[in-house]
Amino acid sequence: MAMTSFRQRLFRLYAWNVQKPALALIRNRHIARRMFTASSMILARTPKGFRQEQITLGTRPAAVCATGHPTPNGTTLYLHGGGFVLGDLRGYRHLVARIGKASGTRAIFLDYRLAPEHPFPAALDDAEAAWRALAADPGAGPLTLAGDSAGGNLTLALLHRILRKGLVRPAAVAAICPVTDLRLTNPSLEGNRRRDALVSTRWGARAIDAYLADADPAQPDASPLMGDFTGAPPVLIHTDRTEVLYDDARLMADRLRRQGVDVTLTETEGLTHVWHFNVGRTREADTAVAEIGKFLARATAPDPPPA
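So in numbering that gives the first Met the number 0 the end of the sequence shown lands on 306, straight run, no missing numbers.
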């Protein structure tokens, strides 16, 4: 295993000493949202040639984050993280654009509704409406789906809805450090409580309470770990073994395999939750985004002409 880069160690220290305590202490959601976005932008390095186009997708604002691919092979819908209560385009455009560049797809960031103003299942409903709009667009090409953390939850919950309702299937799905079990019963929540550099279990529980309101956390729309994914396309899951959400990713991969899904689980050690945010700044993030890009590109590549 390669030694963790100096830059990645610095970002881990920043997460541990600044981001994690701030998220745990700040109760005002408006202040927390501004801090989350500002902190994300500090880490961001937007790629050269970046441009964005504001659109409406389904029922919500969205942004096409492009980096110069003249003829993209399909479209990737990206669902951002932030515990269902935080996150916006300003903090995520660098990551979405780089995933689009690495995969050769048109990457679209969806500005779904946030809790507690809009609790479950508002965000998932927004994602489904966006997916239906893309599926109805003949110019969208092959569709793929990706998301991180809470957005990884929405990504897998949307995949479950797609399969259940018989909608157009994605060619591939990438879930970055997903939260998959909102019952909050997995051992790593406690076992990694003192190892996770970014996510505190206290903050995570508050965010999930705000999202669920009075909904049953065991239903697959809330906890994809409880769902049936028979017939799903290939799925890539990234996680770090020091995360409180490590078991969410590991158990999700196990469940998918048992249901016959082609799943790849990539594990790291000693990084941070969604270390992909550091893309363009650390070797580890660049490697992770490159793997996602290759995974999505394989699924959306045009078929070779007949011999």
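The set of hints was computed from the structure by calculation and includes no laboratory data. Do not take every clue at face value.
[Unchecked claim] Now the in silico label distances, taken between C-beta atoms and shown as ranges: (1) Gly165 - Gly48: 37 to 45 Å; (2) His29 - Glu52: 35 to 43 Å; (3) Pro115 - Arg50: 17 to 25 Å; (4) Gln258 - Ala204: 27 to 35 Å; (5) Leu12 - Asp215: 36 to 44 Å; (6) Thr45 - Arg163: 15 to 23 Å; (7) Arg193 - Thr70: 47 to 55 Å.
Using N, Cα and C, we set each Cβ at its ideal position, and we do this for glycine too.
In this structure, is the beta-carbon distance linking Pro115 and Arg50 contained in 17 to 25 Å? Violated, since Pro115 and Arg50 (Cβ atoms, about 34 Å apart) do not stay within the stated range.
Are His29 and Glu52 spaced within 35 to 43 Å by their CB atoms? Because 28 Å falls outside the window, the suggested range is violated.
Starting from the range 27 to 35 Å, see whether the pair Gln258 and Ala204 falls in it by beta-carbon distance. holds, 29 Å
Cβ distance range 37 to 45 Å for Gly165 and Gly48, holds or violated: holds, 38 Å
Falls inside 47 to 55 Å, the C-beta gap from Arg193 to Thr70? 49 Å Cβ-Cβ, so the 47 to 55 Å window holds.
Does the Cβ-Cβ separation between Thr45 and Arg163 fall within 15 to 23 Å? For Arg163 against Thr45, whose Cβ atoms are near 37 Å apart, the range 15 to 23 Å is violated.
Range hint compliance [Cβ, Leu12 to Asp215, 36 to 44 Å]: holds, 39 Å
Checked against the numbered hints above, the structure violates hints 2, 3 and 6; every other hint is satisfied.
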